[in-house]
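Visitor: Here is what each chain is made of, one letter per residue.
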Amino acid sequence: MLKARWYKVINDLFGNKTRTLLIVLSMSVGLFALGIILSARTILSEGLAESFAAINPSSGTMRTAELFDENFLESVRSMEDVQDADARRQISARVQTTLGEWKNITIFVVADYDDIRVNKVSSQSGAWPPPEREILIERAALSVIDAQIGDVLLVRFPNDVERRVRIAGSAYDPAQLPAQLDGTPYGYITFDTLEWFGEPYGFNELHVLATNPKDKFWAQQVVNRVKDKTEKSGYTIPLSMTAEPGQLPMNDVLQGILLLMGLLGVLSLFLSIFLVINTVSALLTQQKRQIGVMKAVGGSTLQILGMYLVMVLAYGALALLIAIPLGVVGARELSSALAVFFNFDIYSTEIQSQTFIIQVAIGLILPVLASLIPFISSLRMSAAEAMSVYNTSKGRFGKNWIDQLISGANLWFMRNLSIRSILLSVRNTFRNKGRLTLTLITLTLGSATFISVFNVRASLSSTVEDMIKWFNCDVMLTLDRTYRADKVQHEAMNVPGVTQTDVWIQMPTRLVRSDDSESGMIYMFAPTIHAESLIVSPTIAEGRWLEPDDDNAAVVPSAFLQDEPELHLGGEMVLKIDGKERTFKIVGTYVGMAFLPLVYTNYEYITQVTNRVGEADALMVKMDRHDPAYVDVTTRALEDHFERMGVRVSMVSTINNERTEAEASFDAIVALLLVMAILLALVGGLGLMGTMSINVLERTREIGVLRAIGASNRSVALVFIREGIVIGLMSWLMGALVAIPMSQGLNQALGQAVMGVPLTYSYSMPGLWLWLVVVICLSVLASFIPARTASRLTVREVLAYE
Amino acid sequence: MNSSTANPLIELRAVVKVYNSLAGSVTALNEINLKIAQGEFLVVTGRSGSGKTTLVNVITGLDRATSGEIWIDGAPLHRFGSEKAAKLRGKTMGVVFQSFELLPTLTVLQNVMLPMDFARRFSAWEQRKRALNLLEQVDIAEHAKKLPAALSGGQQQRLAIARAMANDPAILVADEPTGSLDSATATAVIDIFEGLVQQGRTVFMVTHDKDIAKRGSRTITLSDGEIVQAKENIHA
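Chains V and W supply the protein sequences, listed in that same order. Residue 1 is where the first sequence starts when you use my numbering, and the numbers rise one by one after that. Residue 1001 is where the second sequence starts when you use my numbering, and the numbers rise one by one after that.
Hints are supplied without guarantee of correctness; some may be wrong.
With a Cα cut of at most 30 Å, we get these calculated BS3-like pairs of lysine-lysine [what the hints assert, rightly or not]:
{"id": "1", "chain 1": "W", "residue 1": "Lys1231", "chain 2": "V", "residue 2": "Lys17"}
{"id": "2", "chain 1": "W", "residue 1": "Lys1084", "chain 2": "V", "residue 2": "Lys288"}
{"id": "3", "chain 1": "V", "residue 1": "Lys469", "chain 2": "V", "residue 2": "Lys622"}
{"id": "4", "chain 1": "W", "residue 1": "Lys1087", "chain 2": "V", "residue 2": "Lys3"}
Reference listing, derived: stretches of chain W covered by chain V, where coverage requires no fewer than 3 residues with Cβ under 8 Å from a Cβ of chain V [to be verified]:
{"id": "5", "segment": "1062-1068"}
{"id": "6", "segment": "1082-1089"}
{"id": "7", "segment": "1106-1119"}
{"id": "8", "segment": "1123-1132"}
Since the hints were made in silico from the structure, they are not lab data. Ideal Cβ positions, reconstructed from N, Cα and C, are used throughout, including at glycine.
So here's chain V without its partners, still in its complex pose (with noise of 0.2 Å):
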């Protein structure tokens, strides 16, 4: 038979169900969060692992401007050290999509599909091979092409050769990054299809594994001597890429998602503890009296603390009940929304049992430790103390410095206001100083995440624009070889809409280091420096950015000297251009990405060194209107007359896509972080409604004193309602001041996960006035209920209280 006791802790426990509820759904909230962030991390982990394993990655990828055959990629896989070795060709095309626009595609021709060794690609649905004249789009490639399995599309190579190919399916190939997040789509066709293209047979992609792909720096030494052997043997390599060992191409941004969810889901933890502690002390406050007559009755303090710490514990037992079967549904969905955003497959969506042993253990000790708090303030009061009448609405306003300043001569310029009973909102906010502390750092921490999320929705939208920035154009095209580069301007200009043009020229170098390895890739850029020059300095860091009368000189990103100690500002560097070795000094550095270190250089100095004075490989174009439509039909008629004059142009890029790329590529996090911000905001409200409540609770007796005095229904729920806009408000203040900080630090977080630098700071007007809405609805709704308990209190009722 049940003891007494635990009869009470069941009435009280299901008695009241509201109360249990609301305290049950704030646990929830983040336990649920909790069980999200830490399954769907070791879902997304383990499955970009498998993935990855499963395409038996390459630990380098170069690019040839010649094409090689069968007899080189055999010499490479013979190569000691190299594991294994994969050829493709590669071609940038362009592609018109269902709704008529031509985008670039990158089309990838594979000897025998059903043997790629390196890289593998694999079907995903449809035909496999691709047929002949027809093509493989990859899966995530359909949707930016607005296309499906089925669908003739118009393809044009850089030969200006056009065909209708049909997609006669869909591929799977991790190893490129998701076509949404740069906006190319790619393509697999066979040689056969590219010999109708007009194209002749041959590879320009060559795919390396070393023999031990983990060490990195191993990896970069046998990819760099494959490099050395592919040039010796007459081949010039545009582009190469050395993979980070055991990482997808998106890992970095995963990464950083999952960072981002692992403090949310701490914070959010936290928030949860400070409901805890807020809402156990309003069920102490409820039941203080309670708490003093089983003293009186008998009871000894630790026996009613295990009373409560039952409670607590089946709070937290049915919080969990909730949460971890919403918690393993929630992780299931948001992994594979992220699989299927960053393009692999996850392979098991089992739970491990660590996840559930975590949530439990959090569930169940951190409530109760988190309630000790405010049990053992509550039963060191004593008996009397407890039971007392006086004790319920004494408060302690009126003795410190906060409550000197809002009440008396201190306000006098309200004195012909009639917004007394407002004052007495105020006024009320500050009686209980510990539970005001209390929900203001849980609404606080709320409203610091939402505004956060913002602020960083709109650093990442500054940094695109500081990047983009520097490129004072409309459009760049990239053309297939070097052009003179007075023709291709001249003959840009000659299109009506095109008011300025520019050109630069663009090469792969290797940093050569002291000890005469050398390092992956470095992409050289060489723009001109004049007075109308369309590329502006990037943000500089430290040091200058190029001048006109410079000739070695080099801007190099910040990042870049972190990852090679022998280099500083004012110091020099030597990188192999065309085989040859030449030295920079480094007169600059700019505040960019790190994992495609750009490098750059005088125009005019590279192209006399280069024995390529007056030629450029690119071209930017500025325009009368900069309006997207406008900008998207003026190049299209600069791609026909170009065409028309023989000049090929490999890659088109509009500002206007690329930003709107860009942005859309952070999309994922962006609605990420603002789930997280919304439930956090739901844990900020639930803890004001449990605070309103217990206010209410506490404040009976001087709700009937209200009304016996001739307030109105309306008058007593309005004291509580505006005492909770002024909670509200306060933490939507402090909110945006913690924001800062809070911002910074995610900025700081993201920044370095996704792109190697910290993101350009930027605060949200639009994301703060919107929390100000957002805050005084949900302080308005979370008092509504304890508000318009109190207005249904009869003057009898709140006699009969005692």
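Dock chain W against the given chain V, drawing on the hints supplied.
Guide: Chain W in isolation, oriented as in the chain V frame:
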């Protein structure tokens, strides 16, 4: 003025209780000396604010005296912390309040069983049996499964008395037990107290009702925290 008894069950020596509040210090009990013998029915009267409830609180250990000594059945309550005081209360004293102070989420039966549970004196089955017996003694056994809110004021006070008697205490302390009751019900409650006294228990009751005060074996009157009058009542 002091009262004295030969073998006191309760003894107060120079008990002082001072409350400190925002308004300043208030002396609620000032040098109280009091002896209560076993089987005595002591009634404390006085006007509102005279210190009656404070006296109940310090005698029961619900609150600590600022100074002085309180001896309960030979135990120095003034030296006890709240834990030890609770245990002493559970074993030696039953307390009845003016506003009943029943636990609203426990049934009538469970309210009576709760002190026994805290005192760990009986098995759960015995607790139940004993509680039913006590409810029968105060004539509310038929309401055992109801919640307190379903009882009338008089029934709630009977329930509070049954609860106070749960651990068979030697002392019953009642603070204005008839304050919320009509006169007929109040009389019935006092009848119960008299019955307990006849069984050898000691009753310490606070009231401001002069007629009810006369039913005690001794009456003391408090004013401004001091005993101003002590009177033996002679019953026919």
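Visitor: Next, verify each hint and record whether it holds.
Guide: Evaluated hints:
1. Taken as a hint, the Lys1231(W) and Lys17(V) pair is broken in the structure, with Cα atoms around 53 Å apart against an allowance of 30 Å.
2. Annotation: proposed proximity of Lys1084(W) to Lys288(V) holds, straight-line Cα distance about 20 Å (limit 30 Å).
3. The straight-line distance between the Cα atoms of Lys469(V) and Lys622(V) is roughly 13 Å, inside the 30 Å bound, and the hint therefore holds.
4. A hinted pair counts as satisfied when its Cα atoms are at most 30 Å apart, and Lys1087(W) with Lys3(V) qualifies at roughly 18 Å.
5. For the segment 1062-1068 of chain W, the stated coverage by chain V holds: 3 residues have a C-beta nearer than 8 Å to a C-beta of that chain, and at least 3 were required.
6. Under a criterion of three residues with beta carbons nearer than 8 Å to beta carbons of chain V, the stated coverage of the segment 1082-1089 of chain W is upheld, 5 such residues being counted.
7. Remark: the segment 1106-1119 of chain W is confirmed as covered by chain V, as 11 of its residues place a Cβ nearer than 8 Å to a Cβ of that chain, reaching the required three.
8. For a cut-off of 8 Å, the count of residues in the segment 1123-1132 of chain W with a CB near a CB of chain V stands at 4, and the three-residue condition holds.
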